[in-house]
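Colleague: Using the hints provided, position chain B relative to the given structure of chain A.
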Amino acid sequence: MENLVQEAIQNVNMQAIMPSLVLCVFGMVLLMVSVFSKRGNTTHVAWLSIAALVITGFVTLSGWNNPQGGFADSVLFDNFATFFSMICIIAAGLTILMSDDYLKREGSPVGEYYPLILFTTAGAMWMASGTDLMTIFLGLEVLSISLYVLAGFFRDQTRSNEAGLKYFFLGAFSTGFLLYGVALLYGVTGTTKIQGIAAYVQANPDSAMNTMFIAGGLLLLVGFLFKIAAAPFHMWTPDVYQGAPTPITAFMSAGPKAAAFAALMRVTIVGLDGLQSELTSLFWVLAVLTMTVGNFIALSQKDLKRMLAYSSISHAGYAMVGLVAWNAVGLSAILFYMLVYTFMNMGAFAVLVLIGKKGEDNLTLDGVAGLGYKKPILGIALTIFLFSLMGLPPTAGFTAKFYIFAGAIKAGYIWLAVLGVLNSAVSLYYYLRIMVQMYFKDPEEDFAWVKINVPTAISIAISVVGVLYLGIVPGAVMNLAKLAGF
Amino acid sequence: MTADSSLQFPLLSLLLWLPILGALLCLLWYKAPAASRWIALGTSTAVFVLSLVAGLYSTGSAGWFLYEDASWIEHFGIRYTLGMDGISLLLIILTAFLQLVAVVISWDQDKFSALFFALILVLGTGIMGVFLALDLILFYLFWELMLIPMFFLIGVWGYKRKVYAAVKFFLFTLAGSLCLLLAVISLHLLHGEQTGVYTFALEALQQTRLSFSQEMLFYLCFMAAFAVKVPIFPFHSWLPDAHTEAPVAASVDLAGLLLKTGVYGMIRFAFPLFPHAAEKSLPVLAVLALIGLFYAAWIAYLQTDIKRIVAYSSISHLGFVLLGLAAWNQTAWEGSLLLMINHGVTTGALFIAIALIHKRTGTREIAKLGGIWKSQPNLAAFFLLFSLASLGLPGLANFSGEILILIGTFSSNAVWAIFAVGGVLFSAAYILRMVQGTIWGPCCEPFDKQDLGGREWLVLIPLAVLVVILGCYPQPLLDSLREPVSFMLRQGGQP
Numbered sequence: 001m002e003n004l005v006q007e008a009i010q011n012v013n014m015q016a017i018m019p020s021l022v023l024c025v026f027g028m029v030l031l032m033v034s035v036f037s038k039r040g041n042t043t044h045v046a047w048l049s050i051a052a053l054v055i056t057g058f059v060t061l062s063g064w065n066n067p068q069g070g071f072a073d074s075v076l077f078d079n080f081a082t083f084f085s086m087i088c089i090i091a092a093g094l095t096i097l098m099s100d101d102y103l104k105r106e107g108s109p110v111g112e113y114y115p116l117i118l119f120t121t122a123g124a125m126w127m128a129s130g131t132d133l134m135t136i137f138l139g140l141e142v143l144s145i146s147l148y149v150l151a152g153f154f155r156d157q158t159r160s161n162e163a164g165l166k167y168f169f170l171g172a173f174s175t176g177f178l179l180y181g182v183a184l185l186y187g188v189t190g191t192t193k194i195q196g197i198a199a200y201v202q203a204n205p206d207s208a209m210n211t212m213f214i215a216g217g218l219l220l221l222v223g224f225l226f227k228i229a230a231a232p233f234h235m236w237t238p239d240v241y242q243g244a245p246t247p248i249t250a251f252m253s254a255g256p257k258a259a260a261f262a263a264l265m266r267v268t269i270v271g272l273d274g275l276q277s278e279l280t281s282l283f284w285v286l287a288v289l290t291m292t293v294g295n296f297i298a299l300s301q302k303d304l305k306r307m308l309a310y311s312s313i314s315h316a317g318y319a320m321v322g323l324v325a326w327n328a329v330g331l332s333a334i335l336f337y338m339l340v341y342t343f344m345n346m347g348a349f350a351v352l353v354l355i356g357k358k359g360e361d362n363l364t365l366d367g368v369a370g371l372g373y374k375k376p377i378l379g380i381a382l383t384i385f386l387f388s389l390m391g392l393p394p395t396a397g398f399t400a401k402f403y404i405f406a407g408a409i410k411a412g413y414i415w416l417a418v419l420g421v422l423n424s425a426v427s428l429y430y431y432l433r434i435m436v437q438m439y440f441k442d443p444e445e446d447f448a449w450v451k452i453n454v455p456t457a458i459s460i461a462i463s464v465v466g467v468l469y470l471g472i473v474p475g476a477v478m479n480l481a482k483l484a485g486f
Numbered sequence: 001m002t003a004d005s006s007l008q009f010p011l012l013s014l015l016l017w018l019p020i021l022g023a024l025l026c027l028l029w030y031k032a033p034a035a036s037r038w039i040a041l042g043t044s045t046a047v048f049v050l051s052l053v054a055g056l057y058s059t060g061s062a063g064w065f066l067y068e069d070a071s072w073i074e075h076f077g078i079r080y081t082l083g084m085d086g087i088s089l090l091l092i093i094l095t096a097f098l099q100l101v102a103v104v105i106s107w108d109q110d111k112f113s114a115l116f117f118a119l120i121l122v123l124g125t126g127i128m129g130v131f132l133a134l135d136l137i138l139f140y141l142f143w144e145l146m147l148i149p150m151f152f153l154i155g156v157w158g159y160k161r162k163v164y165a166a167v168k169f170f171l172f173t174l175a176g177s178l179c180l181l182l183a184v185i186s187l188h189l190l191h192g193e194q195t196g197v198y199t200f201a202l203e204a205l206q207q208t209r210l211s212f213s214q215e216m217l218f219y220l221c222f223m224a225a226f227a228v229k230v231p232i233f234p235f236h237s238w239l240p241d242a243h244t245e246a247p248v249a250a251s252v253d254l255a256g257l258l259l260k261t262g263v264y265g266m267i268r269f270a271f272p273l274f275p276h277a278a279e280k281s282l283p284v285l286a287v288l289a290l291i292g293l294f295y296a297a298w299i300a301y302l303q304t305d306i307k308r309i310v311a312y313s314s315i316s317h318l319g320f321v322l323l324g325l326a327a328w329n330q331t332a333w334e335g336s337l338l339l340m341i342n343h344g345v346t347t348g349a350l351f352i353a354i355a356l357i358h359k360r361t362g363t364r365e366i367a368k369l370g371g372i373w374k375s376q377p378n379l380a381a382f383f384l385l386f387s388l389a390s391l392g393l394p395g396l397a398n399f400s401g402e403i404l405i406l407i408g409t410f411s412s413n414a415v416w417a418i419f420a421v422g423g424v425l426f427s428a429a430y431i432l433r434m435v436q437g438t439i440w441g442p443c444c445e446p447f448d449k450q451d452l453g454g455r456e457w458l459v460l461i462p463l464a465v466l467v468v469i470l471g472c473y474p475q476p477l478l479d480s481l482r483e484p485v486s487f488m489l490r491q492g493g494q495p
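Chains A and B, in that order, give the protein sequences.
Here this note's numbering is used: position 192 in the first sequence is 192, and no number is missing along the way.
Here this note's numbering is used: position 116 in the second sequence is 116, and no number is missing along the way.
A few of these clues could be false.
Said to hold, decoys possible - Derived list of chain B stretches under chain A, where covered just means 3 residues or more per stretch with a C-beta under 8 Å from a C-beta of chain A:
no., region
1, 143-150
2, 175-187
Unchecked claim - Which residues of chain B face chain A? A partial, calculated answer using Cβ under 10 Å:
no., residue
3, Tyr-30
4, Ile-73
5, Glu-74
6, Phe-112
7, Leu-115
8, Ile-137
9, Gly-155
10, Gly-158
11, Val-163
12, Phe-170
13, Glu-193
Keep in mind that the hints were calculated from the coordinates and are not lab data.
Idealized CB from N, CA, C, for every residue including glycine.
If we strip away everything but chain B, and leave its shape as in the complex, we get:
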């Protein structure tokens, strides 16, 4: 399973630590905001290129095509182990891309801009670390590292209720991760007692013999951390606040990337480590997914703030992703992972479009918005495109993932699938209401009549192109996912 790691160029480490370097440079030049901007842009471009270069190594088969391993804290058998397979490759490319978008869209951020860009870059390291780490403590380290920059991004640059949102986000996610930490340590010690080898390596810990109740307990602890991040239905209440109050770049990273780390944690760690417990939990997961799907859609329909609508739509879409995982077959899993990528792009794009509307009209209330189509036709067109993609229109991004999930779910449990189809209908309702209230209707007077500017085109066009490509031709992504997914499903055992 492990590739030969000797004498290999440490591409993964470079990918991981380049943003930290960029962040330090930003802080060094904190007196010149322009410099920090360019440093951030340069770093994130380099990371994006590197992530594409990493894609060249992809073999399409299961297993790590890039792998690094070094000793770190020998005292506890903690190692610095990174690995990249088809799944992490896609998520890394998504991360690098959205990071680049986040930097460009925050170009005119002038409040403490050095700190802002430094935090964005550190956040990138945290997220990519989560997608690459194969040692549980290393994973935990990056898992927490994501938290700190996001806390400050929301709290310093957020909107009105930023303090409340930031603290709530921090406490919710950290409470979950502490459970994870306890379970990781216990598992480590149990494995050590059984084999005499004290390690945190994922592959070794998978061999630990656990009784069912132990497995269930550990599984629940792991899931506590991941469920908060996803978020799964009863643990979601931090998300609307965090999303709504966050500045646009943080919203893009939150919705596009942070939520994905929860799902990634499940498929990479929770399911393979505790397959029997996972198997038993699938019906519960499916029910929670369906509740989340409907409940969030319903709440989204009642919102008056368009950013809040999109925030709730994220919960709803992640419910879809979770349902695909619960269906536990190749098609559904591929669909889930594809939908994660799609959702990252479309929701990120939607948040950007909303931020641009907000900048021009000074409001995000549906009641006060309207008639953007007349005043800013280009912006309105992009907003419409992204909204329709979010709604699941065939040919656009989300559809390809959702249809695969539905097909896969149908073959394992038709009832779930039937309910889920209803969910698509729900999402049509709130998205159309949002579009109608924003683009059409009586014209509100935007104080800034300017349609899209140069930099805004630069961000929106690639996003729009991606939305169409991901909808029409997701094949390369599916190729990359196929073998790793089937390997994971085999590993987890067919329920």
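Extracted from the complex, chain A is given alone in its bound form:
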């Protein structure tokens, strides 16, 4: 152990953790700022957090094409990590933009909210850049603990409490599984480094028959699959997504999910490359199961947040198709998909944030009847996001799905692509239901309570631009995604 510490100290490379370091420092400073601020006034904290994210974004981007490793090979901030970190930063930024007025409306403007989002983002970055299972675990814990608090942030609301508690208990179990998996793998291979595990698998081709190794690997996967809400580990999603504050729901569905995908990809594709055939068949089943479960249950949902929760499960399934493909196209496709999903899903949630009344009991299918006429601009924005979630051109949802399925077909998984496309066809129905309510039903309410505030409007505008830009001229970002693969 002492040797490990020594080695780590010798390998200090602050460059490799600079982005997350900046975020953490900002987070701590902002915690103090909010302590000394007047209660109920959090707007300046929100804007400072945005500034922190912008600075972090620049620091992160400056590392593009300049991979930095360090701390005894436990961190590697390469293009892959940069890309995923940027997704998390964008997700966090959009979340904060839509949060301020939301918190005031719901009556809980507490300053800790924003630093917690920054800590979550820092955790996500460690997950994306970790090359040692312990680093990834550390990131996962920082991310999860902040999220538990955020999910249960409205402590006087039953549903929010339920969300926080449920997420905490199930999340704690899943982290337990993950840690147990790490321990077993360490027992077999004698290392927690992903490269070390890869070397072990290379040297022992029969490791697929080693019960302890398999058990460890599977437990590890359970931890990640829980976080990306893949079936059959998705049960927490609907309740938590429905009960959590809406901006946090949006954030959970984009940032942390992307980070979990990043860690999953690095662990499986770098560390367990030797077990490709076993893992791809596992992911094949999981991908189909996840998208089918998500889509079919979403069909019968009436609550919009719950519907989008199931939709987000199904989108995790689509993204996993890229993992099954296990080739360069598939990997870049996941990167691209997570970015696109961030824009389209967070945009949709931002619209929901605006049209909810206090307590958000009106966020149901019937509650949006005639929205398209009373609030035409919000209606058009939500329509664009829904078309993108469906995967129709010329939105980004189309290019992203195209990328994913092209990767699968290229790797020879025609049936998987067929099932994915069939699933998209099923998903049309519930997205259409929202649009039918918005445009084909006569308005029952006047939506007079909808006050469009500037920050939320900015987050919606950014999402619309993102969805259309990545849908019409995706070339530049696709190239970045290609460069960000391993």
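Modeller: For chain B alone, coordinates are given in the frame of chain A:
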């Protein structure tokens, strides 16, 4: 095959994107309904003029006389490639014309009129894009783009069962197009593996070496998309609902244009890409065409709503078009394409006449209608003219196409032709029943005794003139079709 595209004025792009520009302007002035009307009228007039200008470049030979090509998404080899030959020229002119008609006929649309006209214009871009695109992904993009405005046009401005009709239309057509997308991606990758060039260009993909079973599979996927749109017999059930519930402008676009995109997709993409599979499928297509022809005619005869009768008559006529394609010879193909144009004009005109009757009587039920000839003789005369054209009366529009199809089919398979002649008889039955119940008979009391107004004359006269011209002198159209059709038939190989 490709014309020199350098330093050419981008006429096709202008044609394509002008309506989108108009749509954006409409939305900008959404607070002033009158402005959006005039913008829509101005845009569609300009597009119509441009489409005629494009006709001036026509050379009469096969190949693209207008061609544009630019790089778009290099990552996948997706290009922005547009091309116009004699076939697409005619369909583009038809589109531009019907779009103009649709705008004028919806002039007093006062429910969210800015959105309405914007959607009509976007629909125009989608349809023209389908007729011009030569890159399969670009084609798919426009193919889906047609869907969205139509969904809203039916759902927002439709009649009683609009939600049901709109959702059904959307789900049917999208399910078909997803099959198309899968096949396109697979074909692209297969071609890339063989040649190392990853492209979606139609001409390049035609060179892909495919085993027969692969070809058949891809062909079926393509046809799934096109068959729903045409619609070919078992996939037709969305059409009567969509047509009946749609507002008049959308009905005109649906029957006049959207159905044609399916047939166009077959002759431009499905047949040339997969000639062997196409060849094997011809008898099946012919049988489905004949079933559609008779079945739809029979159902049309049993309908009580005159708009539904015309909707079913569309399925029946498209069965005729399909039969001509299945006959696979020059005469039949020219007839099919001509009938597409004719059907676009006559059915569009019929839908307009029905809408005018509906506006005056408040009903479309045969049982409640009657005696229009007495109360509104001018309107009744137009309705009669269009009905007779739809029935296939010699000298009027549909006849010229149908006779060519029959002649062509006779030379390749006499049995099919004999059956098809029976179909003409069937269509006479339901059309005459409709005319009889509407124009003659006991007079129903229209609450609006007004005969045609100025704007209505303005729409109906050009349509009537076209119906007569297309029936008596279709030669210029046939001239434009001849070389491209014979080129396509050679390309597909003679079965």
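Colleague: Taking the hints in turn, state whether each one holds.
Modeller: Here is how each hint holds up against the structure:
1. 143-150: With 4 residues close enough to chain A, the hint holds.
2. 175-187: holds (count 7)
3. Tyr-30: holds (7 Å)
4. Ile-73: Nearest chain A Cβ about 5 Å off; hint holds.
5. Glu-74: holds (6 Å)
6. Phe-112: At about 7 Å, which falls below the 10 Å cut-off, the nearest Cβ of chain A leaves the hint on Phe-112 (chain B) intact, so it holds.
7. Leu-115: holds (8 Å)
8. Ile-137: holds (8 Å)
9. Gly-155: holds (4 Å)
10. Gly-158: holds (9 Å)
11. Val-163: Where the cut-off is 10 Å and the nearest Cβ of chain A is about 5 Å from Val-163 (chain B), the hint holds.
12. Phe-170: holds (6 Å)
13. Glu-193: Holds: closest Cβ of chain A sits about 9 Å from Glu-193 (chain B), inside 10 Å.
Checked against the numbered hints listed earlier, the structure breaks none of them; every hint is satisfied.
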